[in-house]
Amino acid sequence: GQNIDQPTEMTATEGAIVQINCTYQTSGFNGLFWYQQHAGEAPTFLSYNVLDGLEEKGRFSSFLSRSKGYSYLLLKELQMKDSASYLCAVREYYGQNFVFGPGTRLSVLP
Amino acid sequence: NAGVMQNPRHLVRRRGQEARLRCSPMKGHSHVYWYRQLPEEGLKFMVYLQKENIIDESGMPKERFSAEFPKEGPSILRIQQVVRGDSAAYFCASSPPAGEKLFFGSGTQLSVL
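The listed protein sequences correspond, in order, to chains A and B. Reading the first sequence from the start, the letters are residues 1 to 110 in our numbering. Reading the second sequence from the start, the letters are residues 1001 to 1113 in our numbering.
It should be emphasised that the hints constitute simulated quantities derived from the structure, not laboratory data. A quick note: this is a predicted structure, and the numbers were derived from the prediction, not measured. The beta carbon of each residue, even a glycine, is placed where N, CA and C say it ideally should be. Mixed in with the good hints there might be a few duds.
Only some residues are given here: those of chain B computed to face chain A with a beta carbon under 8 Å [to be verified]:
1) Tyr1033
2) Leu1038
3) Glu1041
4) Gly1042
5) Phe1091
6) Leu1102
7) Ser1106
With the rest of the complex left out, here is chain B (with noise of 0.2 Å):
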């Protein structure tokens, strides 16, 4: 069993261009969260998704990132017209509908030149 798989694990952008990150959750699992972390700082919240439903975003900023789960396909948080702020570890975690706990994957590290 597959656990949370995100890619890329490692994505360069220069500042203006848009980045893409993909987070596959584990079977069966139907809740998508996506977190970032700043060196030596906690996980910040940031969007919790089910299928083709955002739950709760209010961890989003208000422009430029936007996520979606689509029915089919893996869960996509977009950042466009990146700046060198947005350079951190982002990371999805899954979890069943009565599920206790989080399962995260790998990250993506996110640099922006």
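Isolated chain A, as found in the complex (with noise of 0.2 Å):
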């Protein structure tokens, strides 16, 4: 089976830096990905992590650890329009489905 945990919600502010964690437990692991989903939008590719390390884009940066089934979605200098629910999500194997967590609601504040 999978289990995919991340933390429920989260508060930072404006210009500041914040740090969404992920971790899982799969059978098979090829490629964790990020999305954000606005408030009833669809949602929107952030980032995508196969092998151990950090991919930066950007604003945004996301980091893998395959041997500790942990990522983490950084994100600088915030800005109001961040505030979002940022989904992390695995495949398991090539042309599997993509399993989602339960997604972070993160508010940013003035």
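With the hints as a guide, bring both chains together as one complex.
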């Protein structure tokens, strides 16, 4: 089976840095994904990690440790528009379904 | 290049009626996934299809729910005899055969009265 865990809610201040953690347990692994979802909208792709290490893309970075079953999404220079849910997802094997975690609801305060 | 198209955007049904949700994947995408999302919750996997084949339906309720992805036309998620507990947002996503990520549609919000 699969188990993906994320904090339910986080709060941060505009301009700050926030790290959203994701832990997973799967029988196989073929990639970890982060998606952003604003209320009432579709999830949009943020990042993809399949090898250990840090992937940087502008203000967003994602880290993966396969041996620890752990990933984090790092958001820098927070903006009000970053208030959204952040979904961690794991694909077990090539072509298999993508399993999503419960999501972390981030609130950015002025 | 149009994205993943879902319709209708909102669907209202009375208990006992049927709901049909449609999803047209992005051009060139042959894999379709359906997810259900309740308010304040994550995406729950329902079914994964390729053209004319159901690959994984482990997340589908055993009764009243069915899905298809015919050779021609959109993928259909069908819910028979809807109940209030079926009220949710239903998202479709697609990926190419060797895709690394999912592309999501805007979802169908199903409300059962």
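Structure-based check of each hint:
Against a cut-off of 8 Å between C-beta atoms, the interface hint on tyrosine 1033(B) holds, since the closest Cβ of chain A lies about 6 Å away. Taking 8 Å as the C-beta contact cut-off toward chain A, the hint placing leucine 1038(B) at the interface is violated, the least distance being around 11 Å. Below 8 Å, beta-carbon pairs count as interface contacts, and glutamate 1041(B) has one with chain A at about 7 Å; its hint therefore holds. Given the 8 Å rule on beta carbons, the hint for glycine 1042(B) holds: about 4 Å separates it from the nearest Cβ of chain A.
Because the closest C-beta pair between phenylalanine 1091(B) and chain A is about 6 Å apart, less than 8 Å, the hint holds. With a cut of 8 Å, the hint placing leucine 1102(B) at the interface with chain A holds, because the nearest CB-to-CB distance is about 6 Å. Of the supplied interface hints, the one on serine 1106(B) holds, with its beta-carbon coming within about 5 Å of a beta-carbon of chain A, less than 8 Å.
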